[in-house]
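Model the full assembly from the supplied sequences, consistent with the hints where possible.
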Amino acid sequence: MLSIKNLHALAGEKQVLKGLDLEVGAGEVHAIMGPNGSGKSTLAQVLAGREGYTVTDGSVTYKGKDLLSLAPEERAREGVFLAFQYPVEIPGVNNVYLLKAGLNAIRKHRGESEMDAFEFLTLVREKMKLMQMSESFLNRGVNEGFSGGEKKRNEILQMAVLEPALALLDETDSGLDIDALRVVSNGVNSLRSPDRAIVLVTHYQRLLDYIEPDHVHVLSDGKIIKSGDKSLALELEKRGYDWVKQEAAA
Amino acid sequence: MSAVGAKSNASPVDRYKAAFDARWQGNDELTALRRAALDQFLSTGFPTQRDEAWKYTNLRRLETRSFTPADASALDAHQPEWLTTTGTRIVLVNGHWLPALSLQTAQPPGVTVLTLKQWLQREPAAVAAYLKEHDQLTGNALEQLNLAFFEDGVVVNLADNAILDAPIYIVHQSTSAAAGCMSHPRVMVRAGRNSRATIIEHYLGANEAEYFTNAVTRLEIAAGGAITHYRGQREAPRAFHIGHIQTKLAKDARYSIHDIQLGASLGRTGITALLEGSGAHAALFGLFTPMGNQHLDAHTRIDHVAPHTTSEEDYRGIAGGKGRGVFNGKIIVRPDAQKIDSRQSSRNLLLSPTAEIDTKPELEIYANDVKCSHGATTGQLDATALFYLRSRGLSESNARALLIRAFAESILSTIGLEPVRAALEKQIDERFKLANEAKA
Chain A
1 MLSIKNLHAL AGEKQVLKGL DLEVGAGEVH AIMGPNGSGK STLAQVLAGR
51 EGYTVTDGSV TYKGKDLLSL APEERAREGV FLAFQYPVEI PGVNNVYLLK
101 AGLNAIRKHR GESEMDAFEF LTLVREKMKL MQMSESFLNR GVNEGFSGGE
151 KKRNEILQMA VLEPALALLD ETDSGLDIDA LRVVSNGVNS LRSPDRAIVL
201 VTHYQRLLDY IEPDHVHVLS DGKIIKSGDK SLALELEKRG YDWVKQEAAA
Chain B
1001 MSAVGAKSNA SPVDRYKAAF DARWQGNDEL TALRRAALDQ FLSTGFPTQR
1051 DEAWKYTNLR RLETRSFTPA DASALDAHQP EWLTTTGTRI VLVNGHWLPA
1101 LSLQTAQPPG VTVLTLKQWL QREPAAVAAY LKEHDQLTGN ALEQLNLAFF
1151 EDGVVVNLAD NAILDAPIYI VHQSTSAAAG CMSHPRVMVR AGRNSRATII
1201 EHYLGANEAE YFTNAVTRLE IAAGGAITHY RGQREAPRAF HIGHIQTKLA
1251 KDARYSIHDI QLGASLGRTG ITALLEGSGA HAALFGLFTP MGNQHLDAHT
1301 RIDHVAPHTT SEEDYRGIAG GKGRGVFNGK IIVRPDAQKI DSRQSSRNLL
1351 LSPTAEIDTK PELEIYANDV KCSHGATTGQ LDATALFYLR SRGLSESNAR
1401 ALLIRAFAES ILSTIGLEPV RAALEKQIDE RFKLANEAKA
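Sequence lines, in order, name chains A and B. For the first sequence, the working numbering begins at 1 and goes up steadily by one. For the second sequence, the working numbering begins at 1001 and goes up steadily by one.
Since the hints were made in silico from the structure, they are not lab data. Incorrect hints may have been included.
[Stated by the list, open to error] Derived DSS-like pairs: lysine-lysine, alpha-carbon spacing no greater than 27 Å straight-line:
#: 1; chain 1: A; residue 1: K108; chain 2: B; residue 2: K1426
#: 2; chain 1: A; residue 1: K238; chain 2: A; residue 2: K223
#: 3; chain 1: B; residue 1: K1251; chain 2: B; residue 2: K1330
#: 4; chain 1: B; residue 1: K1433; chain 2: A; residue 2: K108
[As the list claims (entries may be wrong)] To give a feel for the contact side, a few chain B residues facing chain A, derived at Cβ under 8 Å:
#: 5; residue: A1383
#: 6; residue: T1384
#: 7; residue: F1387
#: 8; residue: L1389
#: 9; residue: R1390
#: 10; residue: S1391
#: 11; residue: R1392
#: 12; residue: G1393
#: 13; residue: L1394
#: 14; residue: S1395
#: 15; residue: E1396
#: 16; residue: L1402
#: 17; residue: A1406
#: 18; residue: F1407
#: 19; residue: S1410
We put the beta carbon where it would ideally sit given N, CA and C, even for glycine.
Below is the structure:
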């Protein structure tokens, strides 16, 4: 589904990604771990198409298409979803409006008809229940005045409504208490399916207790230096990152 | 009518003198009043940018044009999009009352709504006395010009304790017949003690004509009275629009104005609120959206004459293209006016590198026991918010329009009359091309 080859990218003017390779297949859950500053968030932003990040070399192919040539909204409509590390507060734009506008834009792109109000609300209510969110959130401004945990839940709610083919979760576990972590993880797990890929970017192993990855990668200094299965995450938790770096340097 | 917008060799003010002499002769009291006002205008001419109140708004382009009074016979009845369909509607087309489009409703006891011409026909001496008391030798040159040339308008009288639930909707429509013409409509509202009403003024035109609207609105609110005033300016793209609003508030009177400027090539609203009785409260909300080559100016002056008076002011400007916006908000606290509470906020959004908004808060405080706060910001659309919306599938243009609408919403949401708010929201959306991707 996603094939990243020799990706080099600048964040602003700084070279952050320095030859990253990654293959993600449908139905798989990948965890990308690494110390601060290794390039995890840059990878997520580059894949979502954020301004201010420049790809200087390499390629990203998504479902056979050159992902990097697509505008952010085209990527979203093709099924790429980024759950933000810091979801943006947008006072004056209704949460439910955004959900509906996003969903209809994606459906239109797929050649499907727009959902009617009843169908849409039924879907949203069902997903809100899953995320243990009160319906009062629907008519508030996007993330406006939400707590850290509420914002993360709202991200996963959007993801659950938009049903992407490729979900990128950028530090979704950061700032969550254990109850919120469980709710968010349940939301993500409910989206696991044979035709959907999930990439988790995380600093800590604890998220992986709840969302079990098929593959774990260590990102260091802009490159993936080690890949393994979920046992790699446990080992990182115990031993830290230095031994992997040393092994890679050897 | 004379040649459209033609330049002539006569000096600008002389052209107005010629137009006046052609239109008004006679020696009655009102004509004398008009002539005095004209002389006042002729002696100063149009304000220049050396005048502090007109520092950011250049009237030279207006001054070079020749406008003649609009003809009452050239009216064509074109029904525009009404802001509301309930209440009393008075439609003036090119400055003249058009009964065919107007809607009369039975007024509750104590409420009189007349056209100015009707009042003039019934009580010419009373009109002259009123104008003499309220307008003679006060106001700026353009208000004097209005006094010299006014033909028609609306007069609303509310007796003490009169409560009007349905709005009074005053439409000033300009048609293509207005090309080369000027109109000087007047709206006068006298609200008795503890009376209450909603006044909507709507200036609109949808044509290629170049014309000049120079409107004066006077409100007097007696003790305990409350007036809600909506003012929508959506003149034709080549029009000049200058509006002068002055409201006097007695003890415990309340006034709110919602001043939405969308149209005209050059537009300005000047609002003065005089808080003359303790307990009076004025709230000024405004939105101006210069796009293309538009110049839109919001000039406000809140005068805390009496102690224990309060005011709040929230203005937002959105400028795109080569649009130019101005916000000038003056707050005066007189020497003996203690215990004043006044808040002012001016926020501005620039959508292009060539757009410009000048914002100028001015506080003149001569008393010491006062609370006055003000803040002004000018910025661009939040790039992070834009990316966030696009990452959810919204097109860039729709995401931009959505953020612009969100910025405008804090002003639009102050409009309590639902159909008016909905109509203005729709106009803002059309202006910034918000496609309805999620119609509920």
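We went through each hint and held it up to the structure:
1. In summary, the hint linking A/K108 to B/K1426 is supported, as the alpha carbons are separated by about 23 Å, within the 27 Å threshold.
2. A distance of roughly 22 Å separates the Cα atoms of A/K238 and A/K223; the hinted pair therefore holds under the 27 Å criterion.
3. Among the hinted pairs, B/K1251 with B/K1330 is consistent with the structure: their alpha-carbon atoms are about 22 Å apart, no more than 27 Å.
4. With a CA separation close to 19 Å, the supplied pair B/K1433 and A/K108 stays within the 27 Å bound.
5. A hinted interface residue such as B/A1383 counts as satisfied when its beta carbon comes closer than 8 Å to some beta carbon of chain A; here the least separation is about 7 Å, so the hint holds.
6. With its C-beta approaching chain A no nearer than about 5 Å, B/T1384 sits inside the 8 Å limit, and its interface hint holds.
7. With a least beta-carbon distance of about 5 Å to chain A, the hint placing B/F1387 at the interface is held under the 8 Å criterion.
8. Here the hint on B/L1389 is kept, as its CB sits about 7 Å from the closest CB of chain A, short of 8 Å.
9. A cut of 8 Å between beta carbons decides the hint on B/R1390: the least distance to chain A is about 4 Å, and the hint holds.
10. Checking B/S1391 against chain A by beta carbon gives a least distance of about 5 Å; that is within 8 Å, so the hint holds.
11. Residue-level restraint check for B/R1392 holds (minimum Cβ-Cβ distance to chain A is 4 Å; threshold 8 Å).
12. A cut of 8 Å between beta carbons decides the hint on B/G1393: the least distance to chain A is about 4 Å, and the hint holds.
13. The criterion of a C-beta within 8 Å of any C-beta in chain A is met by B/L1394, whose closest approach is roughly 5 Å, and the hint holds.
14. Annotation: interface hint on B/S1395 holds; nearest CB of chain A at approximately 6 Å, less than 8 Å.
15. Here the hint on B/E1396 is kept, as its CB sits about 7 Å from the closest CB of chain A, short of 8 Å.
16. Look at B/L1402: its Cβ gets to within about 6 Å of chain A, closer than 8 Å, so that hint holds up.
17. Given hint, B/A1406 at the interface with chain A, holds; its Cβ is 3 Å from that chain's nearest Cβ, closer than 8 Å.
18. Because the smallest distance between the Cβ of B/F1407 and any Cβ of chain A comes to about 7 Å, under 8 Å, the interface hint for this residue holds.
19. For the restraint placing B/S1410 at the interface with chain A, the shortest Cβ-Cβ distance is roughly 7 Å, inside the 8 Å limit, so the hint holds.
Of the hints listed earlier, there is not a single one the structure fails to meet.
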